[in-house]
Amino acid sequence: MKRFLIPLGIFIVLVGFLAIGLKLDPREVPSPLIGKPAPDFRLSLLSDPAKPLSPADLRGQVWLFNVWASWCVSCREEHPVLLDLSKRGIVPIYGMDYKDQPGDAQAVLDRFGNPYVETVVDLDGRTGIDYGVYGVPETYVIDKNGIIRYKHTGPLTPAVLDNKILPLVKELQR
Amino acid sequence: MIPELGNFALMLALLLALVQSILPLAGAARNNPAWMSVARPAARAQFLFVAIAFACLAYSFLTNDFSVLNVAQHSFSKLPPVYRFTATWGSHEGSLLLWTFILALWTLAVTVFSRHLPDDMVARVIGVMGLVSCGLLLFMLLTSNPFIRLLPAALDGSDLNPLLQDPGMVVHPPILYMGYVGFSVAFAFALAALISGKLDASWARWSRPWTTAAWSFLTLGIMMGSWWAYYELGWGGWWFWDPTENASLMPWLVGTALIHSLAVTEKRGTFKAWTVFLAIGAFSLSLLGTFLVRSGVLSSVHSFATDPARGLFILAFLAVVIGGSLLLFAFRASQVGLGGRFGLVSRESFLMTNNILLLTVTGAVLLGTLYPLFLDALGLGKISVGPPYFNSVFVPLVTPLLLLIGVGPMARWKQASVPDLAARLKWGFGASVAVALLLPFTLDAWKPTVSMGILLALWIVVSITINVQGRLRRSTRWSANFYGMNLAHFGVAVAVLGVTMVSAYETERNVRMNVGDTVTLKGYTFLFKGAQDLDGPNYKAARGTLEVSRNGKPFTTLYPEKRTYLASGMPFTESAIDYGFTRDLYTAMGERLDGGAWSVRLFHKPFVVWIWIGAVLMALGGAMSITDRRYRASRGKKGASA
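Line by line, the protein sequences are chains C and L. Going by the working numbering, the letters in the first sequence line up with residues 342 to 515, in that order. Going by the working numbering, the letters in the second sequence line up with residues 532 to 1173, in that order.
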C-alpha cells in the first residue's frame, strides 16, 4: 500500500511547482545589461538620415529607449500606450527602428501618430545585437548617466508603466 | 445565429456528459442495470452535440464571420478556404474544441466496439470518459469559449499564424490529438479495473487494441509534427526538444511501455498494478502536456496567448483527474494484485527492463522540460535546458533499449535459457558488429557514433529475420500481432539509421550569394539566379531561384521563398527541398542583403527521410497488430455466450 502512494506524492510536489510556475513569466529574462552603460551607437535619424544620434547626446536626462519595427504586430498593440505616455510629457521616448525599411516605419508613424522625440534607424540590426534584443518590442529605461536601469520585453501595458517604469523614472529623475 | 447555436450545443453536451458519467458510474456501483444502460445513448448524444458545436465553429470560419472574436483573431478574408477550415483549430479555443470532439469520437467508438464487454465495465469506462469530457467542456465554457462575439464586428481578421498556413496543419493536429486523447480509453479501462477490483487477462485483451490504436496515431502525429518543423521552420532540424515536442514525446514513451506491459499482463497475468499505473501515466502526461503548452508556464514556439485564469483552471483539472486517479491507485492497486513469478532471464524480465528504461527516459525528459520552472520557482534564476542535456541523457538510455529489441521477442516466457538464446543470436550479432565497424569506412569518415547506430539498426533487423525465420519453420499461420510487432521494430531500426546518418554526416552552409554565385556541397553545385518578387493570395514573397547541378549536368531547380504576410506583417521562410531516398537537399532564404544578394542556407542531409519512414512503419506495425484474430475471436465468443 505504501509504495503505491509514491506516485501520488511525486505528483503533489509537481502540482505545487506548477502552481508557483503559473505566477512566473518565463519571458521575463533579466538583461545582463542592467546596471551597465547603454551600448554606444551612432545611427541616423528616421526623420533626417543626414543627422546622427548617439546615447551621449542624451546625457543628463532620464529617457526611454523603445525598440520597434513596422513589421512587428505587438508594437501596434503598445503604440497607443506610448502615444498616451508621450502626451503626458513625463519622460522622453526615443525609438529605434529595428531591421526595417525606413519608408515603412515613417508610414506607420504618419498613420498612427508619433510618440517618439526621435527615432534612429538600425537597418542591419547590429545595434540590436549590442542591446541583446531578442524580441521586438523591447523598452529600456536609461538614467542621467547613460546607465541602463530596466528592460521590458514585449509590449508595454499601462500596468507595467504605472507599476514599474514610471515609479523608477520618477526616482531616477530626482 | 450559428455561433449561438454552437454555444448552446456545447452547454447541452456538458449536461449530457454529466449524465453520461454520473448515472452509469452510480449504476455500476449499485448494480442497477437501468442506470448503467444510459452510458451508450448518453455518450452518443454527447458526441452529436459536440460535433454540432464543432461544425458551427468551422462554419463561422469558412464564412468569414468576423463578428466572432475567435474568427477575427485567427482568420483573414484572403486566407485560402482550406486554411480557413484548419484555422478552426488554429487557436487555443478551437484546439480545445477539437480535443473535446476527438474525446467524444473515441467514446463513440467505445460504445460501438464494446458489445463483448461486461455491462458494468462498459458503464465504468464510458462514465470515466464522460468525467474527463465534463472537465474539458466546463473549461471551454468558463474560460475559453470559442463562440464569443465581437461587437462591433471586425472589418477583417488579423490572419492565421503563417506557420499554421500549411498542408501539414490540415492533418497534424487531428492525428496527434487522436493519439493523445486515445490514451483516455486505456485510462478509463484502468480506472474501471481499479474501481471494480477486477483485472484479468480478458481485461488486458480488451485494453490492448485501444492502446495500440492510440499509440499508432500518436506515433504518426509526432512524425508529422517533426516533418512539419523540418520543412516549415526553415532551420533544417527535425527535433528541437521544444517543450511542446517533449509534451508529445512523454506520453509516447509511457504509451510504448504500456503496450509492452499489457502484453505481459495478457499472456502471463503479471505486471497488473504496473500496467494500470502506466495507463494512468500515459493519459496524465497527455493532460500535463496540454497544461504546459496552454498555460504559458513554459515558453515555446507553440504557445498560444496565455491567460492566468486558464492556467489555474487546467491545473485544478489536472489535480483532480491525475491526483484522483493516483489516489484511487494507491488504495486499490494492492487488490488488483501483482501476478505470477518469473525467472531472472525470461521475456518478462526483458520487458520489465524495457519498461524501466522507457520510464527513466520519460523521467529525464520531464525533468529537463520542467527544470527551468523548478529553478525559477525556487528563486534560483532563469535558465533554459537545451538539446545538449536531452541528447546526453537520451542516447545512453535508449541504446540498451534498442539492444533489447533484438533479444526480448525471442526469449521464452517465465524462464528463458541463455545458451539457447546465445546459440540463436551469436552469428547475427557477430555479423552486425563486423558490418557496423567496417561500413562507415566507405562513408565520409569513420565515427564511433555511426558504428554504434549502424550496429543497433542491423542488430534489430538481423534478430527480426532470425525470429521470423524460426516462426515460419514452426508454423506458417498468419499472426497479425507477431508480424505487426516485427514491422514496428523494423521501423525503429529504419529510424535509428536515419537519425545516425543525418546527425553524423549532414553538411550545412550559411552563405552570402550574389546573383550568379555558386556553392558546391557534397557534389551538388547550387547556382543562385537571383530573387523575384511575387504576390501570393495573402502574402508577398521574394522567391529565390537556385539551379542545382551534379557533375556539370543540370539536376533540379529549387525555389525557396521569403514571405511577408499582409495582415500580420510577419516575415516567414518557406524552404525548398529536393527529397531523396538517401539524401535531402534543403534550401532556405535568409535575409535580403544589398545589391540583389541574399544570405542563403543550404543543407545536404543524408538519409533524413528514413526517420519519418521508420515512424510510419512503427505506426503501420501497430495498426497491423490491432487486426489480430485474438481480439475479434474474443468478441465472437463473448457475443455468443451473452
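Be careful, since some hints might not be right.
As the list claims (entries may be wrong) - Derived DSBU-like pairs (lysine-lysine); straight-line CA-CA distance at most 35 Å:
no., chain 1, residue 1, chain 2, residue 2
1, L, K1071, C, K440
2, C, K440, L, K945
3, L, K978, C, K343
Unchecked claim - Cβ pair distances, simulated, as ranges:
no., chain 1, residue 1, chain 2, residue 2, range
4, L, K978, C, L346, 38 to 48 Å
5, C, K377, L, N1041, 24 to 34 Å
6, L, F905, C, K377, 22 to 32 Å
7, C, V414, L, F905, 25 to 35 Å
8, L, T1087, C, R429, 55 to 65 Å
9, L, N563, C, R344, 52 to 62 Å
10, L, A684, C, R344, 50 to 60 Å
11, L, T1007, C, R344, 37 to 47 Å
No lab work stands behind these hints: they were computed from the structure. Cβ coordinates follow ideal geometry from the N, Cα and C atoms, glycine included.
Quick rundown of the hints versus the structure:
1. L:K1071 with C:K440: holds (18 Å)
2. C:K440 with L:K945: It is violated: about 67 Å lies between the C-alpha atoms, which goes past 35 Å.
3. L:K978 with C:K343: Given pair K978 of chain L, K343 of chain C is violated - Cα atoms ~48 Å apart, limit 35 Å.
4. L:K978 with C:L346: 38 to 48 Å: Given a distance of about 47 Å, which is inside 38 to 48 Å, the answer is holds.
5. C:K377 with L:N1041: 24 to 34 Å: holds (30 Å)
6. L:F905 with C:K377: 22 to 32 Å: Check passed, 29 Å falls within 22 to 32 Å.
7. C:V414 with L:F905: 25 to 35 Å: holds (33 Å)
8. L:T1087 with C:R429: 55 to 65 Å: holds (60 Å)
9. L:N563 with C:R344: 52 to 62 Å: violated (35 Å)
10. L:A684 with C:R344: 50 to 60 Å: holds (59 Å)
11. L:T1007 with C:R344: 37 to 47 Å: At 46 Å between Cβs, range holds.
The structure does not agree with the numbered hints 2, 3, 9 stated previously, though it agrees with the rest.
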